[in-house]
Amino acid sequence: MVCMSQQSNAAATPSTSPSMVNWELAAKTAANLAPAGPALRGSEISAAVENLRLMAERSVPHVHEISRLEAARDLRDSEVLVVDRASWAKANTQSFAVMMDPVLRALAAKQALAAKESGGRPVQGSSSATFGATVTGAQLGGALAFLSSKVLGQYDPFAALAASNNGHQQAAGGRLLLVAPNIITVERELKVDPADFRLWVCLHEQTHRVQFAAAPWLRHHMMGEIEKLGTLLVGDSDNFGERLLQAAKQMGNKPGQAEKIAKDAAGQGPSRGGMLDLLQNPDQKAALSHLTAVMSLLEGHANVVMDGVDQRIVPTVRTIRQRFNSRGKDRGVIEKFIRNLLGLDAKMRQYSDGAKFVRDVVAVVGMDGFNNVWSQEKNLPTEAEIHNARLWVERMGL
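Here the working numbering is used: the first residue of the sequence shown is 1, the next is one more, and so on.
None of these hints come from the bench; they were simulated from the model.
Note that this is a predicted model, so its numbers are computed, not measured.
Treat each hint with caution, since some may be false.
[Said to hold, decoys possible] Restraint-style ranges between C-beta atoms, simulated for each label pair: (1) Asn325 <-> Asp283: 35 to 41 Å; (2) Thr319 <-> Arg395: 37 to 43 Å; (3) Arg53 <-> Asn325: 23 to 29 Å; (4) Leu40 <-> Glu65: 31 to 37 Å; (5) Arg73 <-> Arg327: 22 to 28 Å; (6) Ala112 <-> Glu225: 23 to 29 Å; (7) Arg318 <-> Arg395: 23 to 29 Å; (8) Asn388 <-> Pro315: 34 to 40 Å; (9) Leu190 <-> Ser46: 33 to 39 Å; (10) Ser326 <-> Arg390: 30 to 36 Å; (11) Glu65 <-> His220: 26 to 32 Å.
Beta carbons are placed, not taken as given, at the ideal position from N, Cα and C, and that holds for glycine.
Given the sequences, and given the hints that come with them, work out the whole structure.
Structure representation (structure tokens):
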């Protein structure tokens, strides 16, 4: 479909990243394996791109109205890119490289030290002996290629960090990716109004964009927490490497396997090998608990905002919701990667927990009271507070 010129720069991988994952191979594999989109005439492509850009712009005031977040007023902090499947997959390899870079550096340093202590001989059982950068890159690329036909849109808060690492100019707020061939395919399958469906998709993704605009510190905070947990787990480099490879594999699981994975994660089947299996000390457990709470908050809030969309905003919203929910939907790919890597499915309930937290807080202190959550890091809910909103309200003194 459409690959914006900025996208090729954004997809470059950090040249300084350790060689434990071949990110360039992952990007090439994803681009080569991504299935072709629907056959469209040039005029249809141009019209779809123009309409998606229009809907992305129109959605922001509605998010502002529902969320009552001033950051959404005339928001212009992010790039809006209408992309094809290959470009979407390529962009995500770069985001993963940014997220994992600090952890992979720590792991590479540990392996180098172990090799030195062994007199330069290969360290038996090291992650490099059980998986290679090429294998992991190919696995990740294949998984992204599979997901590239499933994802409708995605707000990538880490894009600005990636562009900065590569010396490229990037909008301060990251980028909003709209995958045109997938949106067109789904709207045709569901037989819904194209303009309404596109606005509905944009509303969801713009909500995540507004969250990070309202809390400009949140992006670096999440990066720090991911680094903290990953670094804590580097002590068991063999298992960490296996988890990284397993995360890539699980990303490509077909919907029919979801129940089996959930049972495995819950301890009702063979271990899925998430990082939960490695947690041994309070620092590790605390870091995972915090990430669980933050991710639950972000998705729960987005769901609540989406529930606030009525027929005044999207005339056919009831039909869209009914048909889309019946069809099923995939999680965001970055979020899915983190969950698989960290084993969060075994720790975290469904996103309904986050949505319930938001609704319970709003019921007591209103949306303006809830929006205190975006003010500073210490206002983020704990995992316990996600499950008992009154604890958060009391801690905030509301």
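What hint numbers does the structure not satisfy? 5, 7 and 9
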